[in-house]
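Student: Spelled out, the chains give:
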Amino acid sequence: MIFFAACMATFLLGAVLSLLPRSFRAASALGSGMAVLGCLLGLIPAAQALAAPQDWVLALAWPPPWGLGRLAIDGISALFLTPALVLIALGAVYGRGYLAETEGRKKAGPPWFFYNILAAAITGVFTARDPFLLLLCWEAMALSSYFLVCLEDGDGAVRRAARIYLVASHLGAAFLLVLCLLPGATWPPAQGVAAGLFVGFSAEGASTLAVGAVPGGALFLLALVGFGSKAGLAPFGVWLPEAHPAAPSHVSAVLSGVMIKTGVYGILRVLLALNPEPWWGWTLVAMGGVTAVLGVAGALGQSELKRLLAWSSMENAGLMLMGLGLGALGRAMGAPLVAALGFGAALVHVVNHGVFKSLLFFCAGSVLHGTGERRMDQLGGVLGRMPVTGATFLVAALGICGLPPMGGFASELVLGLCAIKGLLLPVSGLDIPSLGVLAALVLCAGMAAAVFVGAFGTVFLGAARSQAATQAHESPRAMRGPMIVLAVLAPLLGLGAALVLQTALLALEPALPGAVALGASTVEALWVAAMVFGLLLALFGGLFILRRALLRGRDVRTGPTWDCGYAAPTARIQYTYSSFAQPLADMFQALTGRTGSTTRPWGLFPARAGYVAETQDRILQGFLGLFGFINAKLEAMHRLQQGQVHVYVLYIAATLVALLAWGLW
Amino acid sequence: MSPAVHLDALWRIAAGLVLCPLLFGCINRVKAKFAGRQGQPLLQTYYDLAKLLGKGAVYSATTSWVFPLGPMLGLACILAALTLAPLGGQPGLFSFEGDLFLFAGLLSLGRFATAAAALDTGSSFEGMGASREMQFAVPAELAQVLGLAALAQATGTYSLSEMLARLDMAHWVATGPVLALTATALFLVLLAETCRIPVDDPNTHLELTMIHEVMVLDHSGPDFAFILYGQGVKLWTLGAVLTGLIIPARGDALLDPALGALGIFGLAVAIGIGESSMARLRLLLVPRLLVGATALSGLALILLLR
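Top line first, the protein sequences correspond to chains H and A. Here the first sequence is numbered in numbering that gives the first Met the number 0, starting from 0 and rising by one per residue. Here the second sequence is numbered in numbering that gives the first Met the number 0, starting from 0 and rising by one per residue.
There may be inaccurate statements among the hints.
Unchecked claim - Heads up, incomplete: computed chain A residues facing chain H, CB under 8 Å, no partners named: (1) Ser59; (2) Leu118; (3) Val137; (4) Phe225; (5) Leu300.
Said to hold, decoys possible - Every beta carbon over 12 Å from chain H, so not counted as near; a handful from chain A, in silico: (6) Leu18; (7) Ala252; (8) Ala260; (9) Ala269; (10) Leu282.
In case anyone wonders, no lab produced these hints; they're calculated from the structure. By construction, the Cβ of each residue, glycine as well, lies at the ideal position given by its N, Cα and C atoms.
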């Protein structure tokens, strides 16, 4: 654990050190270098805990007060921590290249200060074993990420997004505050031990303190809202589609690839530590399903690449929560097979989604960096000028759609298999949620495929739709490197998916005895699937060679696109993302509301017409309306606030008299 | 059942690879008979394939390396899916629990590659086709997976090969209506996946009305041969799963696959009759048809819930 202590110390030191140098380059080198070093140091104990899941506890000779040094890594922590550290390190490398263009405009110190604090806080959240420490890390994570989100604070939209994020994350944290600061609270919570404090009045009028156990259901609800808001669970995750696209891309990658998982982690801990009841699982499955479908339907109706990715993060968080829901149902109803596979599917998806989503945000950042254009409908044909970005985006897109041979397919297979096994088990009450999960999963996979074909095709393929796209340039090496690393990892995670599932089941074994044995047949199935992946790649290679051999020496010509024989095509006649996604988005209009804005041709000589995909966020509108309503009603309270001391003295006196009267009566 | 590799499936796969172009000849012959024409030779698709494989190719100047990727990946995917499909109750080359997801995933990957290649041409028509294909795939995939899940539930197993091997006459007697619902849903999915009437018309020459065909307008030579052959393999593969459901397995290692193959040709005849007797649906009605297929699959699943 000395490495782990060194890791945390490196992050904190890096935070401070990056503020010191005056030169932009020195500060960014120091900040990103320390973040990478810290991640490498932290990966050593995390990898050890993955291989042999035993509690690695940080033992300090001089333990700090209030449980501040109570950090430990078990299998579950390690499973979240390992991808997190890898992604944070890659994000640091990428960020150095990405932020280089702000030289002279902004200082390098503050972003790297907050990045290192964020790294330390996330590491802390995954390893804390004390409720107070958890809360502290949680808050540090929320605040540092807030400052990172509003890095480009010159832009009003960014400030608005950051403010929504700040409010939402603190509303969520309020629920965690209760969960963590209940007297006798522990982290992870313990069944029946967590005690609440009830103030009551006995018959004689003397006040007494009664101590009783808080029901597990209440703890679950607190965790669901508190952690769920961080995970992007609808309706508490309204901030997610706003904040993730507003942040600089390396930060978006960490927010979507890592920080969402802190919410999943919290809920998983609660579900494993307490004895779930069936309604917990029902709640998670229902809310997860709604989040997933809303997320992908929202992604259909976006015209900016980063916003689309943020909505797709919501979808994936929903898939993970559905896995947790099936797991909870399995535990509650005595079906350990479903419990092991459900939790296992969520864990496998945590690892896979981290890789794909970070890579997608890296690519989106690279496109933004290379073209300066956020709107997909203005891009096109960028692949030729940005080959690395385009190829890695394609890999990540295949992964996020759950297509073979990427790791995303493995998480889909495990979750789907868990649902089918739940359907087939003769346990009443498990079949309907399983059916719901299966349907939502396949629906989301199909829609995600449409979303990402459209996005890839519009941005990278076809002809350039604007000047920005024709002048695109590939990103510097510091940005390409992390993208290539992740693009190599994605198919490896697919081929080695059995290992990932095995590790996840091993991590679950202490909480779910027998998980490894129950999941063994699924692990074997994933190995055979990997054989099919191998066959697929071999067939592809064979066809590649065959085609090349056939075309060698033959007449291979280049001409214009056929396009119905129309010989003067322009880039503007191409399908845009908006028009590509419109028919499918309209199928879900009842769910998402208006999906786009149309400019109809008008007049005797109509000049222009257009359609831009633009799904409104109904939940956010609802929350804003609610807060506006509360604000308006609370206006009345302003009258009490006079700002004059004697009026306040009058309030105190009146209160005293009222209390006296009540006591005497 | 533990996951397994059945090497004896290789000859069934080989039979599929050889016979699948004949399916188109069969469909065309049926349509010709209905129209009172002589019709193409039965082996026409083989001649077409040979001709295309011997040609050069023309590529649009707009395209990139993604464009030739489409046909190659599309064919590789459907060939890999063929290795999972059982024929006449005899297992496919690979079988493992949950392989129905890989089956659907491979079809989806092929579709992804084809649509990406279509968008790569920068053609408005091909963009239109890609958009429609991806739209229709959403309900079609849902109907397919739910239908296969219903089969899993009816037989109590988790892999395609195992399901269709277990599906005997007793199942049809016990849960006949439910299996009929599933078969209907899977037939509609087959029509959508292989772009036949009433979802799509492979023979029309107006690009506006086509879905799959319009996506492959710019492919030529060997690339187009891959696409054409891939279509044949797809029809064979989906047909094998569907006939495996319709014709109950009897456990005979020789007779069952032969019956299965005959069943696939029967399906081709049925498709030919369907294409001769009705027109293509209006495009706006196609999603409704496929959502209807999803509803049938879902209904089958719900009826099987204990």
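Student: Okay, which hints does this one fail, numbers in order?
Tutor: 10
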